[in-house]
Amino acid sequence: MRFKDVFSIIGPGMIGPSSSHTAGAVLLGRVARGLLETEPIEAEIIFYGSLAATYSGHGTDLAVTAGLLGFDTDDERIPESLEIAELSGMTVGFQTSSVPAVHPNTLQIKLSSGNRGCQMTGCSIGGGNIEVIEVNGFDLKFTGNYPTLIVEHTDQPGVLANLTRLLSEASVNIGYMDVDRKARQGHAATVIETDGLIPKELLGKAKLLSHVRSIHYIDLNGGASE
Amino acid sequence: MRFSSLKELAVVCEKEGKSICDIMLEDQAAESGRSKEQEWEKMKAYYGIMKDAAAKGIVSEKTSRSGLTGGDAKRVHEYTRNPDASLEPFTGLAMAYALAVSEVNASMGRIVATPTAGSCGVIPGVFVSSQERFGWDDDHMVKGLFSAGAIGYIIANNSFISGAEGGCQAEIGSAIGMAAGALVELKGGTPAQAVHAVGLALKNTLGLICDPVGGLVEIPCIVRNGFGAVNALAAADMALAGVRSAIPTDEVIQVMLEVGSAMPDTHRETAMGGLAQTPTGKEIIRQLAKDRKKPAVSKKEDTK
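These protein sequence lines map, in sequence, to chains A and B.
Quick note, the first sequence lines up with residues 1 to 226 if you use the working numbering.
Quick note, the second sequence lines up with residues 1 to 304 if you use the working numbering.
These are computed hints drawn from the structure, not numbers from a lab.
Every clue listed holds true.
To give a feel for the contact side, a few chain A residues facing chain B, derived at Cβ under 7 Å:
| id | residue |
| --- | --- |
| 1 | D5 |
| 2 | G57 |
| 3 | G59 |
| 4 | D74 |
We put the beta carbon where it would ideally sit given N, CA and C, even for glycine.
Based on the provided sequences and hints, a complete structural model is requested.
Shown next, in the form of structure tokens:
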């Protein structure tokens, strides 16, 4: 089933004009903010396909910026997000690309803040639903509909077993997983979508696991951050 | 969910002696792991957003971000209240509210995607006008939103609800079917009658293309929301009068899938055909592109 529940049909509550070009873009911005785990100072956004052609008319630039600021899809400050970003010291740049993308509504976000940086590519697939397809150079897919753990680690035996054991001990059910690596025994990344919220202490324990390089936790349903 | 087709939904309703709303609410709570009360409150908040948008849009003269549209809801509301109007006033109100919510959407106001932002006017148009007409309370309307959601869930998973995939029939068509079926249930009709209303409504929008001028959710999206609300009222009345969809509604949904899949790309939200490519449509696009060259914030263009 592509659509899982009643609120993927009635909803989201959002600022117009387009569920795919506006609401979906806010959510993609929020995922990127979640990956950086701090206030972005510099943001570069590249629009592909239909977004490249119509981002201005749909306010997609305002919507992504709102997401980077941590706003929700129905925040009435979305139309003023560029001014708000400027006031808070965030530089946002937009580019369009004519390189063909996998989906008509694709965008890429690069963020930095001091020595932290991240990159992600995602698609807005309709009705305000999104699909992330790339994180920091890894081909990882997830929807943002569930609490999501993104773990960067070294490609070594037992890393996933240790991670899933921690989740199992906390009675957190895994609904979906995706793994990618840059090279055998090299840099790898795993995304895990869970049914229940992931307790903070579990994240702390996971960070200490051997071969784990970094852990990001994204929960878009937990409401917008301030 | 215990249902994946409208037929299955009607069977579950009949077997358990429950409404479409009851079944949707129970299955939603089971799927999300939250309580029925929590899901009810979330839907009720959404209804609040719909009412606010309807009230705001019907008096607004604000133009959209592009400047292409705005103020039609107010015009229609004022005209349909006078005795010369062909529509009965509450039908005119449904149309005006539908236009109102769609205009709020186009001007970056707050709405609820039902099922998409492009089709966000139909359900509030039907619901808010019917609530005023029949004196229903908000909880009654929330029931209707769960029924509409169940119908949309089935359409979305068996066919589509986005114009980019299946044309306007998938957006406005689905919204009309959802509103019509829900209204039947709100007025005391049976689940079977509600399902017939969906089929009757969908048959009337099969083949409708998605051809927005400049790719913007404005022309012709906004007026199609207005017409959509009126069609939903008509379909609900037909079904309540005892008219049946001779072709079962699940089969009509399959036709929407067949027709949408056969639609050329030019007619699926790309603005490469239909109204978008008429001489006037192209002129509007040219004008918009010209305006876009002088943005308020510095932007770099087209680096590959």
